[in-house]
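There are 2 protein chains.
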Amino acid sequence: MCEDRQPRRKRDPTATRTALLRAAGELFAERGFDQTTVREVAARAEVNQALLFRYFGSKQELFAEVLSHNSEALLRSGPAAELPRRILESVLSEHTRSGAEHTLVALLRSLSDERAATLLRDELGGSYSERLASLTDAPDAELRADLVLAWFFGVGMMRSVLRKSPLAEASPEVIVDYLMRAVPLLLERNAPADDE
Amino acid sequence: MCEDRQPRRKRDPTATRTALLRAAGELFAERGFDQTTVREVAARAEVNQALLFRYFGSKQELFAEVLSHNSEALLRSGPAAELPRRILESVLSEHTRSGAEHTLVALLRSLSDERAATLLRDELGGSYSERLASLTDAPDAELRADLVLAWFFGVGMMRSVLRKSPLAEASPEVIVDYLMRAVPLLLERNAPADDE
DNA sequence: ACGACAAGTAAGCAACCGCTTACTACTCGC
DNA sequence: GCGAGTAGTAAGCGGTTGCTTACTTGTCGT
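Chain order of the listed sequences is A and B.
If you read the first sequence in our numbering, its first letter stands for residue 1, the second for the next number, and so on.
If you read the second sequence in our numbering, its first letter stands for residue 197, the second for the next number, and so on.
Please keep in mind that the hints were generated in silico from the structure rather than gathered at the bench.
Any given hint could be a false lead.
Claimed, not checked - SDA-like, lysine to any residue: derived pairs with alpha carbons at most 20 Å apart:
1. A:Lys-59 with A:Gln-35
2. A:Lys-59 with B:Gln-231
3. A:Lys-59 with B:Asp-230
4. B:Lys-255 with A:Asp-34
5. B:Lys-255 with A:Gln-35
6. A:Lys-59 with A:Ala-15
7. A:Lys-10 with A:Gln-49
8. A:Lys-10 with A:Arg-44
9. B:Lys-206 with B:Lys-255
10. A:Lys-10 with A:Arg-22
11. B:Lys-255 with B:Thr-210
12. A:Lys-10 with A:Lys-59
All figures in this text were calculated on a predicted structure; none of them were measured in a lab.
Just need the whole structure built from these sequences, with the hints factored in.
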């Protein structure tokens, strides 16, 4: 496999598709949906930009594919009781390489796009908070789950998108420590607000 | 003051400026910075769009002016100890009329714009978390303040931007109740994570 | 009353956007 | 080996963007 010189790109549709998906995932996470242009995606993937539309139809569909491609792994891995910690750690992980850890940042940066907001609400938020709610038998279970999820997303936003210090510089372990001790207080039956 | 008919707009620079600021505040909160065009702002303000640039120079500067114009009121009102509740209530308030309650939503919808993120981090987040941190003498005071602020912003995001149920439909009073009982546990000295 | 300057307007520019089209070149079944 | 079909390419289309320019109209000091 001599991939040294490319007077013309070698014919390899699956590699082209993968390169586009990867480049799109990175750019959406770095700049958000609006600020990412199809020309930039094609350039980073070193692919002619017309191929983006051949393989994915539109920029929106490419975005949706990136999200669904990257979000499934998180939900289907590990025991249910560990889900809160897994969500939180995914949100806290620096975007080192392409993959699942990019997805939430991409979404948080793309909130102005209605379709991105819908995806975050329905696909991610829906299934996450549903499973979070199933971990408790307290009243207002779903509302409490939403509050927990809002906390995780908010921490991820301030850390990875805003990069606000000292939260951005704090080690993930410390943050997980604080939050994972506070979360049970919200989810358990005798949580702060069970009177009235 | 007969503002009945306008065969041509009456000459009133301050009214024009105010109308632009108001329209921009509404639209930025509704759609975010990217998805709002200067033509839309001018149209809603019923003002020629060239005047937008005469008065504010650029779309970016208009955005900055909207934010600084609307964010000061919140910080300078009421006692310091009530600040967490005030921030939270501001985040939770529906965007009924133009004014300070729009600002955070506008910012949360505009995270893809780097300048918006900078404003949210430095001007709002900076002063908020600084004052939150001054409410406690616990170790990691600033980090804890950031975690509280992240929670408030996350709740505001899921509620006003994502509109995820049941959080979007819950009454502000209930949400304030849950959060204002949990926050002291995070800020007080003997909070969850004071060993190690 | 009138000149000067500011407020308001219409039109358009250059750049960029997502997306399409018309085309070339490679690969593979036969 | 040769037509068919697909991967890859270059160019550009129509529309929108933020912003500017050349101009008209109203206001006010004198």
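Consistency of the hints with the structure:
no.: 1; hint: A:Lys-59 with A:Gln-35; in the structure: holds (12 Å)
no.: 2; hint: A:Lys-59 with B:Gln-231; in the structure: holds (16 Å)
no.: 3; hint: A:Lys-59 with B:Asp-230; in the structure: holds (16 Å)
no.: 4; hint: B:Lys-255 with A:Asp-34; in the structure: holds (16 Å)
no.: 5; hint: B:Lys-255 with A:Gln-35; in the structure: holds (16 Å)
no.: 6; hint: A:Lys-59 with A:Ala-15; in the structure: holds (19 Å)
no.: 7; hint: A:Lys-10 with A:Gln-49; in the structure: holds (16 Å)
no.: 8; hint: A:Lys-10 with A:Arg-44; in the structure: holds (17 Å)
no.: 9; hint: B:Lys-206 with B:Lys-255; in the structure: violated (24 Å)
no.: 10; hint: A:Lys-10 with A:Arg-22; in the structure: holds (18 Å)
no.: 11; hint: B:Lys-255 with B:Thr-210; in the structure: holds (18 Å)
no.: 12; hint: A:Lys-10 with A:Lys-59; in the structure: violated (24 Å)
In the structure shown, a violation is registered for the earlier hints numbered 9, 12, in ascending order.
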